[in-house]
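**Student:** What follows is the residue order along each chain.
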Amino acid sequence: MYKCNTHPQSLRPHLHLQELTKQFSGVTAVQSLWLEVQAGEILALLGPSGCGKSTTLQMIAGVVQPDSGTITLNSQILNRVPPERRDIALVLQRGLLFPHLTVGENVAFGLKMRGVSRAERDEKAIAMLRQVQLEGFADRKPSELSGGQAQRVALARSLIIHPKLLLLDEPLSALDANLREEMQDLILRLQAQTGVTMLIVTHDQAEAVVMSQRIALMFEGCLRQVDTPEQIYRQPCDETVARFMGGVNFFAAEAHGRQWRSNDLTLLSEYDHDGCVQVTIRPEQIQVLAEGRSQANTLPATVIANRFTGTQRRLTLAIAPELTLQAWVTPTQDFRVGQSVWAYLPPSALWCFPHRTVPYPVQVP
Amino acid sequence: MLRKSFIILVIVVLFLPFLPLVIWSFAQGWFFPQLIPNQWTLQHWLQLVSPTSRVIEGLLQSLAIALITTILSLLVGLPAGRAIGVMEFPGKEALKLFLLTPIIVSPLATLMGIQFVLIRLGLNGTLLGVVLVHLMPTIPYMTLVLTSVFANFDTGYETQARSLGASPLQVLSQVTLPLIAPGIVVGALFAFLISWNEFLLTFFVGAGRVFTLPMVLFTLLQGGNNGLVAAVAITSVIPGLLFLLLASKALENDTALGGFGNV
Numbered sequence: 001m002y003k004c005n006t007h008p009q010s011l012r013p014h015l016h017l018q019e020l021t022k023q024f025s026g027v028t029a030v031q032s033l034w035l036e037v038q039a040g041e042i043l044a045l046l047g048p049s050g051c052g053k054s055t056t057l058q059m060i061a062g063v064v065q066p067d068s069g070t071i072t073l074n075s076q077i078l079n080r081v082p083p084e085r086r087d088i089a090l091v092l093q094r095g096l097l098f099p100h101l102t103v104g105e106n107v108a109f110g111l112k113m114r115g116v117s118r119a120e121r122d123e124k125a126i127a128m129l130r131q132v133q134l135e136g137f138a139d140r141k142p143s144e145l146s147g148g149q150a151q152r153v154a155l156a157r158s159l160i161i162h163p164k165l166l167l168l169d170e171p172l173s174a175l176d177a178n179l180r181e182e183m184q185d186l187i188l189r190l191q192a193q194t195g196v197t198m199l200i201v202t203h204d205q206a207e208a209v210v211m212s213q214r215i216a217l218m219f220e221g222c223l224r225q226v227d228t229p230e231q232i233y234r235q236p237c238d239e240t241v242a243r244f245m246g247g248v249n250f251f252a253a254e255a256h257g258r259q260w261r262s263n264d265l266t267l268l269s270e271y272d273h274d275g276c277v278q279v280t281i282r283p284e285q286i287q288v289l290a291e292g293r294s295q296a297n298t299l300p301a302t303v304i305a306n307r308f309t310g311t312q313r314r315l316t317l318a319i320a321p322e323l324t325l326q327a328w329v330t331p332t333q334d335f336r337v338g339q340s341v342w343a344y345l346p347p348s349a350l351w352c353f354p355h356r357t358v359p360y361p362v363q364v365p
Numbered sequence: 001m002l003r004k005s006f007i008i009l010v011i012v013v014l015f016l017p018f019l020p021l022v023i024w025s026f027a028q029g030w031f032f033p034q035l036i037p038n039q040w041t042l043q044h045w046l047q048l049v050s051p052t053s054r055v056i057e058g059l060l061q062s063l064a065i066a067l068i069t070t071i072l073s074l075l076v077g078l079p080a081g082r083a084i085g086v087m088e089f090p091g092k093e094a095l096k097l098f099l100l101t102p103i104i105v106s107p108l109a110t111l112m113g114i115q116f117v118l119i120r121l122g123l124n125g126t127l128l129g130v131v132l133v134h135l136m137p138t139i140p141y142m143t144l145v146l147t148s149v150f151a152n153f154d155t156g157y158e159t160q161a162r163s164l165g166a167s168p169l170q171v172l173s174q175v176t177l178p179l180i181a182p183g184i185v186v187g188a189l190f191a192f193l194i195s196w197n198e199f200l201l202t203f204f205v206g207a208g209r210v211f212t213l214p215m216v217l218f219t220l221l222q223g224g225n226n227g228l229v230a231a232v233a234i235t236s237v238i239p240g241l242l243f244l245l246l247a248s249k250a251l252e253n254d255t256a257l258g259g260f261g262n263v
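Chains as they are written, first to last, in our numbering: chain X, 1 to 365; chain P, 1 to 263.
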């Protein structure tokens, strides 16, 4: 599973977690976790609250000691390295600017700890503040900042020490929606400028998708799937993952290669499978047509609910007595409740995984 | 306006009792039915600073004992308060109750035993012995104050500081201590004033050889020199007031904890 990287590139920051395990008074928080983060990559550690993602972050930062397993950064085993010598910066949800210091002193804190002279510190702090668009804020107190500004200062404070790895623990969940997008852009821009490797912990799947190049999905202390956002969306490895990523359509089928039978219907998929499977299709992938056309996977349906959300129209379609699907279409497509329509399920969008009769114990929001 | 007059009222009520003391300390006899004394004098204050009255000696001893006691109770109270305020461990509630016992149980009940132990240790009648018994009430107060300070302290600041490259010692001096400074000031104020005003424990353990300001005052009270007693009484209040003023200055700059929690 783990292959040692012998390229000269391995000198660049590169995080490996191997068999990382942590228990808190008998309860397993993280269970033999394996993960690799490439240099310069943005990886999101995604999962519901209490899944062990924050514990994983704390172990990487050195705040919590793992029970077993190793943490390797840049070919150096970190397990016994104290947090202040790991070169790993942490940005927490609450921002946690030191209230007794000015904004400038906060940003320069890491340099001060490294014995950098005052003049150089001030100069670098001001430059760093300019990068997060807070020029002229150096002499303010953290209590005078808004939530978004405080979070930007926290970011500047972490980046000024040029960390080998930047850990962000729910950095934006305390901010409101508009500000969050602005901050996402800023973080991504700073990441592009500095090339810092980033690990973001979040419970918000939308945020993980926007922010990261790869997502590591975690449930109950175990990694379930590590993939690009698009793959996790389109090809979830099981129903829990699919539901967590916002999947709502699930039905059982009998698969024979690319032909899947369910409720006396035959569906065509691009994917080969055999046996009992659980089929899923993203609600926004289903096309709803007012008039039928003779094409595979085009099924007659009845609209039984129509909910307008502003950006979408969420239709519930009855396709067979035991089969209802949700289709999220553009708001301009309006259908009456009770109207007969046609639903087209694109073969590339039909995905399945081996059927499980026992439901996962994970509570999905 | 109402608020201002209320504050004036409070000040008057608090300070009015001191007025007779001030008059006494400058009066050359003050007898019924005089509303104010006929003759004024500085004699009592001169007497106070002269070595024969031993007031200055008592003041210095009190100051030394109170400062040492405060520092020692801080040294015990800081780690103890942090442990109880931040950490979870079995027997925590029992320990909290145990901490309160020196405050609950009257020193009269324990003095005999304490004196017995201190005599055997050769500490009876020494400054160190007095400091040790002063620690009995000050450590619980200090620990309780600092426990609630630490209960409201976000240890995330320390985590954050370490991830930015601060060693544990740097975290303590640059982050933790500045952030809990208001709580330390309050705890130190408690400890200092308790020690400063302590009479009974000093009286027994000091065995007349450790002569603090309350001892001086007690002796003088028996002597019946009202003028000198008044002057000493005023003097004994001054350090407390000074300390309180300094503390309120420090607490005004309290941006850290939003007060010192539910002390």
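A couple of the hints might just be wrong.
DEER-style ranges, computed between Cβ atoms [to be verified]:
1) P:Thr110 with X:Ser146: 29 to 37 angstroms
2) X:Ile77 with P:Pro79: 41 to 49 angstroms
3) X:Val81 with P:Ser106: 51 to 59 angstroms
4) X:Arg118 with P:Ala109: 56 to 64 angstroms
5) P:Pro168 with X:Gln23: 20 to 28 angstroms
6) X:Asn79 with P:Val76: 29 to 37 angstroms
7) P:Leu9 with X:Arg130: 51 to 59 angstroms
One-sided excerpt, in silico: chain X residues whose CB lies under 8 angstroms from chain P [unchecked claim]:
8) Ala61
9) Val63
10) Arg80
11) Pro83
12) Glu84
13) Ile88
14) Ala89
15) Leu90
16) Leu92
17) Arg94
18) Leu96
19) Phe98
20) Thr102
21) Gly110
22) Arg157
Just a sample of chain P residues kept apart from chain X, beta carbon distances all over 10 angstroms, derived [unchecked claim]:
23) Gln39
24) Val76
25) Gly91
26) Leu121
27) Gly122
28) Gln170
29) Leu179
30) Leu193
It is worth saying that the hints were derived from the structure and are not from the lab.
We put the CB at the ideal spot given by N, CA and C, even for glycine.
**Student:** Work down the list of hints and note, for each, if the structure agrees.
**Tutor:** Status of the hints after comparison with the structure:
1. For Thr110 of chain P and Ser146 of chain X, the Cβ-Cβ distance of about 56 angstroms falls outside the hinted range of 29 to 37 angstroms, so the restraint is violated.
2. Remark: the range hint 41 to 49 angstroms for Ile77 of chain X to Pro79 of chain P is contradicted by a beta-carbon distance near 32 angstroms.
3. As the Cβ distance of Val81 of chain X to Ser106 of chain P is approximately 53 angstroms, the hint placing it in 51 to 59 angstroms holds.
4. In this structure, Arg118 of chain X and Ala109 of chain P meet the distance hint of 56 to 64 angstroms, their C-beta atoms being roughly 57 angstroms apart.
5. The supplied range of 20 to 28 angstroms is met by Pro168 of chain P and Gln23 of chain X, whose beta-carbon atoms lie about 25 angstroms from each other.
6. Distance hint for Asn79 of chain X and Val76 of chain P: a CB-CB separation of about 34 angstroms, consistent with the stated range 29 to 37 angstroms.
7. Range check, Leu9 of chain P to Arg130 of chain X: Cβ separation about 54 angstroms, and the 51 to 59 angstroms hint holds.
8. With 8 angstroms as the threshold, the beta carbon of Ala61 of chain X comes within range of chain P, its nearest partner Cβ sitting at about 5 angstroms, so the hint holds.
9. Checking Val63 of chain X against chain P by beta carbon gives a least distance of about 5 angstroms; that is within 8 angstroms, so the hint holds.
10. For the restraint placing Arg80 of chain X at the interface with chain P, the shortest Cβ-Cβ distance is roughly 15 angstroms, beyond the 8 angstroms limit, so the hint is violated.
11. For Pro83 of chain X, the shortest C-beta to C-beta distance to chain P is roughly 4 angstroms, which falls under 8 angstroms, so the interface hint holds.
12. For Glu84 of chain X, the suggested interface contact is upheld, since its CB lies about 5 angstroms from the closest CB of chain P, less than 8 angstroms.
13. The closest approach between the C-beta of Ile88 of chain X and any C-beta of chain P is roughly 6 angstroms, which is under the 8 angstroms cut-off, so the hint is satisfied.
14. With a least beta-carbon distance of about 6 angstroms to chain P, the hint placing Ala89 of chain X at the interface is held under the 8 angstroms criterion.
15. At its closest, the beta carbon of Leu90 of chain X sits 4 angstroms from a beta carbon of chain P; the interface hint therefore holds under the 8 angstroms criterion.
16. A hinted interface residue such as Leu92 of chain X counts as satisfied when its beta carbon comes closer than 8 angstroms to some beta carbon of chain P; here the least separation is about 6 angstroms, so the hint holds.
17. For Arg94 of chain X, the shortest C-beta to C-beta distance to chain P is roughly 6 angstroms, which falls under 8 angstroms, so the interface hint holds.
18. The closest approach between the C-beta of Leu96 of chain X and any C-beta of chain P is roughly 5 angstroms, which is under the 8 angstroms cut-off, so the hint is satisfied.
19. With 8 angstroms as the threshold, the beta carbon of Phe98 of chain X comes within range of chain P, its nearest partner Cβ sitting at about 6 angstroms, so the hint holds.
20. For Thr102 of chain X, the suggested interface contact is broken, since its CB lies about 11 angstroms from the closest CB of chain P, more than 8 angstroms.
21. Contact between Gly110 of chain X and chain P, as hinted, is supported at the beta carbon level, the nearest pair being about 4 angstroms apart and thus within 8 angstroms.
22. Contact between Arg157 of chain X and chain P, as hinted, is supported at the beta carbon level, the nearest pair being about 7 angstroms apart and thus within 8 angstroms.
23. With a least CB separation of 55 angstroms from chain X, Gln39 of chain P remains clear of the 10 angstroms interface cut-off, as annotated.
24. Against the 10 angstroms criterion, Val76 of chain P stays outside the reach of chain X, whose nearest CB is about 25 angstroms from its own CB.
25. Gly91 of chain P, annotated as away from the interface, keeps every beta carbon of chain X farther than 10 angstroms; the closest lies near 16 angstroms.
26. Against chain X, the non-interface label of Leu121 of chain P holds: every CB pair exceeds 10 angstroms, the least being about 42 angstroms.
27. Distance check on Gly122 of chain P: its Cβ is at least 45 angstroms (rounded) from any Cβ of chain X, clearing the 10 angstroms threshold; non-interface status holds.
28. At roughly 6 angstroms from the closest C-beta of chain X, the C-beta of Gln170 of chain P falls inside 10 angstroms, breaking its exclusion from the interface.
29. Against chain X, the non-interface label of Leu179 of chain P is violated: not every CB pair exceeds 10 angstroms, the least being about 6 angstroms.
30. Leu193 of chain P, annotated as away from the interface, keeps every beta carbon of chain X farther than 10 angstroms; the closest lies near 26 angstroms.
In this structure, the earlier hints numbered 1, 2, 10, 20, 28 and 29 are contradicted, and the remaining ones agree with it.
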